[in-house]
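Please put together the full structure from these sequences, using the hints given.
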Amino acid sequence: MSIVTLLTDSGESDHYVAAIKARIISINPGIRLEDISHKIKPADIAHAAFVLRAVFRDFPKGTVHLVGVDSTGNRGDAYIALQMEDHFFVGCDNGLFGLISDKAQQQLIELNAINSISTTFPERDVFAHAACKLASGVSITNLGKPMPQFRKMIDRQVKATKKQITGNIIRVDSIGNLITNISKETFEILSKGKVYTVQFGGEKFRRIYTQYNQADQGDCFIVFNSLNLLEIGIFKGNASELLGLGYDSTVNIIFEE
Amino acid sequence: MSIVTLLTDSGESDHYVAAIKARIISINPGIRLEDISHKIKPADIAHAAFVLRAVFRDFPKGTVHLVGVDSTGNRGDAYIALQMEDHFFVGCDNGLFGLISDKAQQQLIELNAINSISTTFPERDVFAHAACKLASGVSITNLGKPMPQFRKMIDRQVKATKKQITGNIIRVDSIGNLITNISKETFEILSKGKVYTVQFGGEKFRRIYTQYNQADQGDCFIVFNSLNLLEIGIFKGNASELLGLGYDSTVNIIFEE
Amino acid sequence: MSIVTLLTDSGESDHYVAAIKARIISINPGIRLEDISHKIKPADIAHAAFVLRAVFRDFPKGTVHLVGVDSTGNRGDAYIALQMEDHFFVGCDNGLFGLISDKAQQQLIELNAINSISTTFPERDVFAHAACKLASGVSITNLGKPMPQFRKMIDRQVKATKKQITGNIIRVDSIGNLITNISKETFEILSKGKVYTVQFGGEKFRRIYTQYNQADQGDCFIVFNSLNLLEIGIFKGNASELLGLGYDSTVNIIFEE
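Residue numbers (our numbering), protein chains in the order written: chain A, 1 to 257; chain B, 1 to 257; chain C, 1 to 257.
These are computed hints drawn from the structure, not numbers from a lab.
Hints may be right or wrong, so weigh each one.
Copies of the same chain look alike in the list, so a pair counts if it works inside one copy or between any two.
Claimed, not checked - Calculated pairs, DSBU-like style, for lysine-lysine (alpha carbon to alpha carbon, straight line, at most 30 Å):
1) 41 x 236
2) 39 x 236
3) 61 x 133
4) 103 x 184
5) 236 x 145
As structure tokens, this is what we get:
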């Protein structure tokens with residue numbers, strides 16, 4: 001089975017997503033198409049990278065991920081195909097792919113470098129074709145010209161010392177939960193045998209739950225979520241609205257000796 | 001063919017829905033996935049139950065319905081799998097399943113009771129696995145521990161006498177039509193040979209149409225819809241906004257001798 | 001392989017779309033279903049026609065397009081199946097199909113004319129059945145009664161002279177780009193060797209780009225898009241909001257000798 005996933009900022013009220021799918025089906029009707037999301041905020045690379053990083057490994061190895069987010073990029077951005085962690089990715093070299101994995105790529109190819117076509121719809125006219133070839137078993141090295149490196153953007157880093165972890169909210173999900181970049185692993189290494197306080201906005205909490213429903217309705221909870229990232233929410237409420245926090249807000253964990 | 005449907009309150013701008021699908025595909029790539037909706041209002045059991053009740057019987061018998069609505073539930077809510085009307089359902093025992101059928105369940109199993117795992121993402125880590133097993137032909141009795149009964153919530157009941165039927169709006173659909181819990185069957189039994197008046201808000205109507213387009217544009221219509229439930233709308237308009245009615249508003253049918 | 005696409009104004013928070021799909025799957029589980037969009041504005045024939053016209057030819061010939069937009073239509077509107085440009089269409093004869101192609105239909109059949117059923121949900125009870133038959137290889141002529149002509153609506157026409165092309169915005173897409181009905185072909189015929197000015201709102205531009213990213217961020221661009229239609233946008237911005245233009249706004253191209 002060959003799977004192509006689709007992640008775009010195209011919305012669902014236009015013909016764009018259907019046009020990409022139609023192209024793929026027309027080339028190879030045996031491909032299974034799965035939507036990741038088409039509700040990425042327009043050109044929001046951070047949003048797209050969070051979602052893709054959170055889910056791509058859940059698909060079988062060899063899955064092809066077609067990414068149509070900010071596909072126009074900026075002048076000079078190449079169209080690329082890459083293999084990373086045994087998955088394939090096709091999209092624009094706008095910095096997004098540097099945010100989804102800490103591993104090096106296994107292969108990196110510039111598409112559309114040989115017999116280049118000019119198009120305002122690269123998802124359909126370039127990415128769909130490359131994704132079909134990869135999903136049909138064509139070697140990635142046959143898709144274009146090898147490139148040494150794709151664009152890397154500097155992502156928000158957690159600052160961690162023996163006294164304090166300082167992180168940021170990297171995603172407000174659709175129900176208003178606040179997902180930070182503070183990992184369970186970092187916390188467990190630094191928190192051993194120590195009393196801690198989690199601080200954000202004007203709030204202070206001394207307990208991280210293991211389940212959302214350890215909070216009472218309307219109360220705040222803090223958990224390490226299914227991505228092993230610290231997540232803040234209001235049980236059956238919208239934490240972003242109720243706490244006044246959003247993308248990039250600071251979250252601290254203070255340790256006492 | 002084995003079908004798994006998905007009904008969640010996860011929205012479409014995050015990784016959650018794709019993560020559930022990826023898990024299912026990774027376990028059994030032969031399963032056909034069909035979305036019912038991911039736009040259920042967060043934790044809105046009434047909304048989810050209305051939608052599921054309205055459509056589950058339209059799928060072939062044996063279909064597995066994975067329900068990820070208010071999946072965290074409240075403390076102590078079990079994860080369950082049940083067979084009812086020859087369909088399978090997997091989800092949280094938060095009261096939703098009691099609202100989708102008036103029949104008794106054929107089988108009821110508590111999931112995650114043996115070799116329990118702790119997770120904040122039961123849709124992916126518990127429900128997807130159970131749904132895959134059911135869709136792959138594993139007997140429901142092999143999925144966990146039998147339970148005597150799932151949680152029943154008291155649903156709004158229609159009051160029906162020889163003089164009057166009193167019901168409520170149980171769903172405002174996305175175009176603003178108002179669907180009530182007054183069934184065609186109840187109406188037909190009680191209305192025989194009688195003049196009737198349908199009352200809601202300040203409005204009174206003496207005719208129930210058989211087609212929406214018997215109304216003129218901008219005019220109110222009342223029909224028994226495709227679910228055989230009394231539905232009120234404005235032809236090519238938004239009845240909820242224009243009439244000021246919403247979920248739970250009262251609708252009366254008064255009979256004259 | 002047989003494909004049925006779905007294009008509706010039903011939204012995604014109700015049971016309607018799933019009910020149509022469930023009916024099709026129940027009749028013929030071998031059919032591949034592909035969503036075009038369910039986010040068409042309620043009863044907005046112009047929106048639906050734009051999307052369908054833009055994408056139907058990208059699907060393989062023989063694809064069946066089930067159109068559930070304004071399906072109730074007006075009193076007396078027939079349910080129809082037609083073959084056009086080697087594609088099949090099923091829906092209500094409300095004028096939409098006249099807007100998607102300039103070619104004549106190959107076949108036109110009135111559905112539900114023989115053994116007519118009364119339903120408030122024709123997408124499920126009439127269109128799904130007809131779409132299944134067509135996708136399963138049944139001849140369209142076996143589906144009902146031949147009709148001479150479907151309803152034609154008068155679409156906005158471009159006015160083109162040697163001195164000026166006057167067109168209109170026919171779609172504001174989900175990111176706010178403004179798509180006009182001025183085709184590249186018309187422009188190329190009339191613009192040969194001439195200096196031109198594109199005018200809209202209070203703006204004047206003397207250059208049509210070939211790529212979106214020839215504009216700087218926040219600047220206006222004009223391109224012939226992937227449909228070969230003149231499109232106006234703000235690079236990484238919302239042109240409709242920023243320029244104050246919307247559906248039906250006028251766009252002029254003035255030629256100087």
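Evaluated hints:
Proximity of residue 41 and residue 236 under a CA criterion of 30 Å is satisfied in both settings, with 25 Å inside one chain copy and 11 Å between copies. Taking identical chains as interchangeable, the C-alpha atoms of residue 39 and residue 236 lie at most 30 Å apart whether they share a chain (23 Å) or sit on different chains (16 Å). For a Cα distance limit of 30 Å, the shortest separation of residue 61 from residue 133 qualifies both inside one copy, at 16 Å, and across copies, at 22 Å. In this assembly of identical chains, residue 103 and residue 184 lie within 30 Å of each other by CA distance solely inside one copy; the values are 19 Å within and 45 Å between copies.
For the homomeric pair residue 236 and residue 145, the shortest alpha-carbon distance between copies (29 Å) is at most 30 Å, but the shortest distance inside one copy (51 Å) is not.
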